[in-house]
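Using the sequences and the hints given, assemble the complete structure.
In order, the protein sequences belong to chains A and B.
If you count the first sequence from 1, position 50 lands on 50 in the working numbering, and the numbers rise without skipping.
If you count the second sequence from 1, position 78 lands on 78 in the working numbering, and the numbers rise without skipping.
FYI, nobody ran anything at the bench for these hints, they're computed from the structure.
Because the structure is a prediction, the values reported are computed rather than measured.
Ideal Cβ placement from N, Cα and C applies to all residues, glycine included.
This list has only true hints and no planted wrong ones.
With beta-carbon atoms standing in for the labels, derived distance ranges:
(1) B:E42 to A:S98: 51 to 59 angstroms
(2) A:T120 to B:G161: 17 to 25 angstroms
(3) A:R109 to B:C72: 53 to 61 angstroms
(4) B:D151 to A:N144: 35 to 43 angstroms
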Amino acid sequence: MASAVTYTAEWPVLVSIIFSPPQNYPLYIRSVPTENELKFHYTVHTSLDVVDEKISAMGKALVDQRELYLGLLYPTEDYKVYGYVTNSKVKFVMVVDSSNTALRDNEIRSMFRKLHNSYTDIMCNPFYNPGDRIHSRAFDNMVNSMMMQVC
Amino acid sequence: MHFDVVASGQGSVMVVAGRGELFTLTYGALVTQLCKDYENDEDVNKQLDKMGYNIGVRLIEDFLARSNVGRCHDFRETADVIAKIAFKMYLGITPSITNWSPGGDEFSLILENNPLVDFVELPDNHSSLIYSNLLCGVLRGALEMVQMAVDVKFVQDTLKGDSVTEIRMKFIRRIEDNLPAGEE
Numbered sequence: 001m002a003s004a005v006t007y008t009a010e011w012p013v014l015v016s017i018i019f020s021p022p023q024n025y026p027l028y029i030r031s032v033p034t035e036n037e038l039k040f041h042y043t044v045h046t047s048l049d050v051v052d053e054k055i056s057a058m059g060k061a062l063v064d065q066r067e068l069y070l071g072l073l074y075p076t077e078d079y080k081v082y083g084y085v086t087n088s089k090v091k092f093v094m095v096v097d098s099s100n101t102a103l104r105d106n107e108i109r110s111m112f113r114k115l116h117n118s119y120t121d122i123m124c125n126p127f128y129n130p131g132d133r134i135h136s137r138a139f140d141n142m143v144n145s146m147m148m149q150v151c
Numbered sequence: 001m002h003f004d005v006v007a008s009g010q011g012s013v014m015v016v017a018g019r020g021e022l023f024t025l026t027y028g029a030l031v032t033q034l035c036k037d038y039e040n041d042e043d044v045n046k047q048l049d050k051m052g053y054n055i056g057v058r059l060i061e062d063f064l065a066r067s068n069v070g071r072c073h074d075f076r077e078t079a080d081v082i083a084k085i086a087f088k089m090y091l092g093i094t095p096s097i098t099n100w101s102p103g104g105d106e107f108s109l110i111l112e113n114n115p116l117v118d119f120v121e122l123p124d125n126h127s128s129l130i131y132s133n134l135l136c137g138v139l140r141g142a143l144e145m146v147q148m149a150v151d152v153k154f155v156q157d158t159l160k161g162d163s164v165t166e167i168r169m170k171f172i173r174r175i176e177d178n179l180p181a182g183e184e
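Here you go:
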């Protein structure tokens, strides 16, 4: 694989980022490998615009369907970016390597659901103030297990 | 799943089946508010113990009325009643009883899971906070009302990284005077 970054993971390359309204800054970011982190941040920030576009485009249809999963936001030549937004407008973004064909749509959906569930657990921690950056061992473990499943 | 009796009157009773999140979140809100009010963990621990005590001296009446247990003949019976009936009734869990002292005046309650601490992660700046200290006060207050002075404290806590939560209970003495319930 002629790529600047080599890895064998068949799972998400970028950790998933969570943005909180209304400021839309990330509460949690993790990526593997840690090089090229800046590029990831950039990719994710631009994907936010796409998320907002999708939400307004689907608009009423989205609300009617109660669909949280946004699907593939946009493909770049290196990555595919997926989105998920909750009714409380918290956005989750996941970046996957373009060459990764093993990950199917429903697997991505279930990963988002896991993220969403872990996020609600964080919210239930009385010491967590909404809007804080997320520093939780349990959350880290969950993301690790999602990302590091190298075969 | 546990059931709360929410309202009763005119022969009708409304029972709410809940998974206890409201209870857990309420306790969490209480602890964090105390942390904001008192600024240091030791004071919060004391307050939780005090509040627990005030709950315990009242809760014992409800417990005795609903459970119909008779007088305990010794501390071992007391331990059984606490673990198998009281904890089950109010928290839906049954801790195990271990580590009896040779004199039979001290034992441990081991809680595999503690509903008060679901979803809770202690931040680093509250390392000496005894999050569930309310329970110690409750046990102390309740037992005082049945003429037992006990010392109750947490010796292990899953919130602090231990594998189980362990509460150590020590019988101090029998209370002979019949003074009315004190408030702390």
